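Using this note's numbering, read the sequence shown as starting at 364 and increasing by one per residue.
Worth double-checking, as some hints may not be accurate.
[As the list claims (entries may be wrong)] Listed next, the in silico DSBU-like pairs over lysine-lysine satisfying Cα-Cα at most 30 Å (straight line):
1. K1085 to K753
2. K782 to K1085
3. K763 to K507
4. K748 to K727
5. K503 to K670
6. K564 to K584
7. K622 to K581
8. K763 to K833
9. K766 to K993
10. K752 to K727
11. K748 to K737
12. K709 to K748
13. K372 to K766
14. K763 to K782
15. K584 to K709
[Unchecked claim] Label-pair distances were calculated between CB atoms; the ranges are:
16. P929 to T822: 54 to 62 Å
17. S882 to E396: 37 to 45 Å
18. E396 to G846: 44 to 52 Å
19. E592 to S882: 53 to 61 Å
20. A572 to D757: 23 to 31 Å
21. E1108 to K1044: 47 to 55 Å
Read the hints as simulated data drawn from the structure, not as lab findings.
It should be emphasised that the depicted structure is a prediction, and the values quoted were computed from it without experimental measurement.
All C-beta atoms, glycine included, are put in the ideal place defined by N, C-alpha and C.
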Amino acid sequence: MLNKNKLLKIIEKKVLWLSCWMIHNANHLRNNEDGLKVGGHQASSASIVSIMTALYFNILRPEDRVAVKPHASPVFHAIQYLSGLQTRENIENFRGFGGAQSYPSRTKDIDDVDISTGSVGLGVAMTSFVSLIQDYVSLKQFGKKIPQGRMIALVGDAELDEGNVYECLQEGWKHDLRNVWWIIDYNRQSLDGVVHEGLSKRLGSVFEAFGWNLIILKYGKLQKEAFDEPGGHLLKKWIDDCPNQLYSALIYEGGSTFKQRILDDIGDQDIVSELINKRSDSEFLDLMANLGGHCVQTLIKVFEKVKDDKPTAFIAYTIKGWGTPLAGHKDNHAGLMTKAQMNSFKLKYGISDGNEWNRFSDEKNNVEFDKYIKNLPFQKAKHRKYQSKKVSVDENVFIKETKISTQNAFGKILDQYAKNNTDFSQRILTTSPDVSVSTNLGPWINRKGLFSRKDSSDTFKDRKIPSAQKWIFSSQGQHIELGIAEMNLFLMLGAAGLSHEFFGERLFPIGTVYDPFISRGLDAMNYACYQDARFMIVGTPSGISLAPEGGAHQSIGTPLIGISQPGLLSFEPAFADELALIMNYGFNYLQDEAGGSIYLRLTTRSIDQPMREIDNELKNNIIKGGYWLKKPGPNPEVIIVYQGAVASEAIESTALLGEKFKDLGVLSITSSDKLFHEWKKQNGTSHIELLLECVPRDTRIITVIDGHPMTLSWIGSIYGHKTIPLGVNSFGQTGKVDDLFKEFEIDSQSISKLGFTIN
364 MLNKNKLLKI IEKKVLWLSC WMIHNANHLR NNEDGLKVGG HQASSASIVS
414 IMTALYFNIL RPEDRVAVKP HASPVFHAIQ YLSGLQTREN IENFRGFGGA
464 QSYPSRTKDI DDVDISTGSV GLGVAMTSFV SLIQDYVSLK QFGKKIPQGR
514 MIALVGDAEL DEGNVYECLQ EGWKHDLRNV WWIIDYNRQS LDGVVHEGLS
564 KRLGSVFEAF GWNLIILKYG KLQKEAFDEP GGHLLKKWID DCPNQLYSAL
614 IYEGGSTFKQ RILDDIGDQD IVSELINKRS DSEFLDLMAN LGGHCVQTLI
664 KVFEKVKDDK PTAFIAYTIK GWGTPLAGHK DNHAGLMTKA QMNSFKLKYG
714 ISDGNEWNRF SDEKNNVEFD KYIKNLPFQK AKHRKYQSKK VSVDENVFIK
764 ETKISTQNAF GKILDQYAKN NTDFSQRILT TSPDVSVSTN LGPWINRKGL
814 FSRKDSSDTF KDRKIPSAQK WIFSSQGQHI ELGIAEMNLF LMLGAAGLSH
864 EFFGERLFPI GTVYDPFISR GLDAMNYACY QDARFMIVGT PSGISLAPEG
914 GAHQSIGTPL IGISQPGLLS FEPAFADELA LIMNYGFNYL QDEAGGSIYL
964 RLTTRSIDQP MREIDNELKN NIIKGGYWLK KPGPNPEVII VYQGAVASEA
1014 IESTALLGEK FKDLGVLSIT SSDKLFHEWK KQNGTSHIEL LLECVPRDTR
1064 IITVIDGHPM TLSWIGSIYG HKTIPLGVNS FGQTGKVDDL FKEFEIDSQS
1114 ISKLGFTIN
């Protein structure tokens, strides 16, 4: 029976082989009709094979979660294949339609992907927010104990150029982050070159400044043993002094060249010459490639020593392309082994023709390996994507005020949910990037408090200083306070919106942000939706109706984001009663298997409210995306179609047009997003088709929105009506709402004037 170190070494080689072969097959052997390079990252995969072998085949526990370096996707698929969680069919179809994905994906891959990743550092930061949500769910004690897992990011060193990584570090420090490991694949090469000297020290100082443990894994077992030999101290000094580019180049050139360069640099010293020359060229190359990140024994020993829950950064020195013919070459990032190189690689690893895809279970003499893998606690857990029961949502909360903004109504609705103190309301989690008060979360926070693992009182209250805000921190608080980084907002919403799958407990995350700044966090919002996270994002204040704030705070194109973003259903209600229905619908939509996340575009502009009773037909139409506020007669000359804050202008312009025209209609759109996508499916008669079927073909349509006019302009395509789209398509400025609406011709006078003149 092999000891564990030898067993893991053989597993490591198998993982390296399968990951490289997977890419080679996709690019050189599989039929490629369109002739495009399929791609893959053999060198980037190779550099992290040892780290992933140590983790997946020794260290990980079922409660741990891993964000795999995106370019190591083939390594991940190979490991999952050996574990029985991935199929040969899928890895043979790597990067093909329906096959194993280019980058690990929770929603597209069949293997046990914890956190989707892409080469932008988002998966790295996501681990911190998943850890915070783990603490949140654990302390809420919804009914079961949550095992404390480690949230582990396998980080490409080039990903540390991404700004969101450092925004995340600061947020983690503020929230006393714990149970997070970042293991940095420090191969010192990126797509376009080799990293600058001394980066390791700079990175280390950053982690230490934020209170992380820092562990440097620079030397492997072979190197440490060599350092203990006579002259070993000189070899160690040479390694420490060697520039990154030179080290990489010598790895690529081979053992003989490496030997000669070291001897030339150190000089003719017998002890060093003996240390070097007693090893063959290939043995010496293995020695110089035996950095800390390529020594499974060293990695396991270091990982097992970490006993506390402080966040820990491991800087693991590696070689890009380790163990392959591409090792060390500066062009190897997207490079692929040639067929000749692959044949040599195949010979080196003893792979016979026809056995390229073998698992250990396919080989008679390797039962021991297969048994070892299947008996690991982490592997035995298999897929760890949990489910949560559906939570009953509280009844609709209607706000009976004659004049109110949708933003203010949102705060009042949420405050009423807080008063209910039901299982549903206890699962609402709010968060905001330093704009909680100005987005009307204040009443909710006053009732529910801010979340912190450690309780603390409100100093202003203790000192009897009057304040409308009661900032009390406790483990039972339901608002997580964030700094102004919108990327962190959406990463938090992504983590909280997957709580039911990570921890088996449903949360209803609500994030608020100034609507124009959705664009600042758009990358992270797209990332959260890609993982099928379920959350409600409230963009408010919005549009040029935030007149005094000026163009920097007035959103224009966000309704188009709402329409175009997969996994996100957007609404823009004009009235408080619409908002109440949509929020209630939204909380259920978050829980539906075929559902997704919700985006509400709200405004600070107060408008007159319709004092009406909402019957089932109107309720359904509001949720479906539109209804007739004023149904047209049989022969209308013009109909007005509006969305959001311009409801008053649409109504007033119809009254003005009524002086000349009869049978006018006003169509209220609550979700252009929902209407458009239902119409686009062409699966039966859509709701917008049913709404417009009563409108004669020669009727003119004027669409109006406090946002980009294209949001509604498509409506004219349904039956071919002549359509004039009004809206905002340039930056606004400070001023009164009336002045800005006139400037952009979305005031009632401009709308009615257009109605009188168009043919």
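Status of each hint after checking the structure:
1. K1085 to K753: violated (46 Å)
2. K782 to K1085: violated (49 Å)
3. K763 to K507: Violated. K763 to K507 sits at ~40 Å, over the 30 Å cutoff.
4. K748 to K727: Measuring from Cα to Cα gives roughly 33 Å; hence the hint is violated.
5. K503 to K670: Distance of about 25 Å is within 30 Å: holds.
6. K564 to K584: Cα-Cα ~22 Å, so holds.
7. K622 to K581: holds (20 Å)
8. K763 to K833: holds (26 Å)
9. K766 to K993: Distance of about 20 Å is within 30 Å: holds.
10. K752 to K727: Not satisfied, since the Cα-Cα distance of roughly 45 Å exceeds 30 Å.
11. K748 to K737: holds (19 Å)
12. K709 to K748: Roughly 36 Å separates the two Cα atoms, so the pair is violated.
13. K372 to K766: violated (71 Å)
14. K763 to K782: holds (17 Å)
15. K584 to K709: holds (26 Å)
16. P929 to T822: 54 to 62 Å: Since the Cβ atoms of P929 and T822 sit about 45 Å apart, the hinted range of 54 to 62 Å is violated.
17. S882 to E396: 37 to 45 Å: holds (38 Å)
18. E396 to G846: 44 to 52 Å: holds (50 Å)
19. E592 to S882: 53 to 61 Å: holds (59 Å)
20. A572 to D757: 23 to 31 Å: violated (45 Å)
21. E1108 to K1044: 47 to 55 Å: Check failed, 34 Å falls outside 47 to 55 Å.
Violated hints for the displayed structure, listed by number in ascending order: 1, 2, 3, 4, 10, 12, 13, 16, 20, 21.
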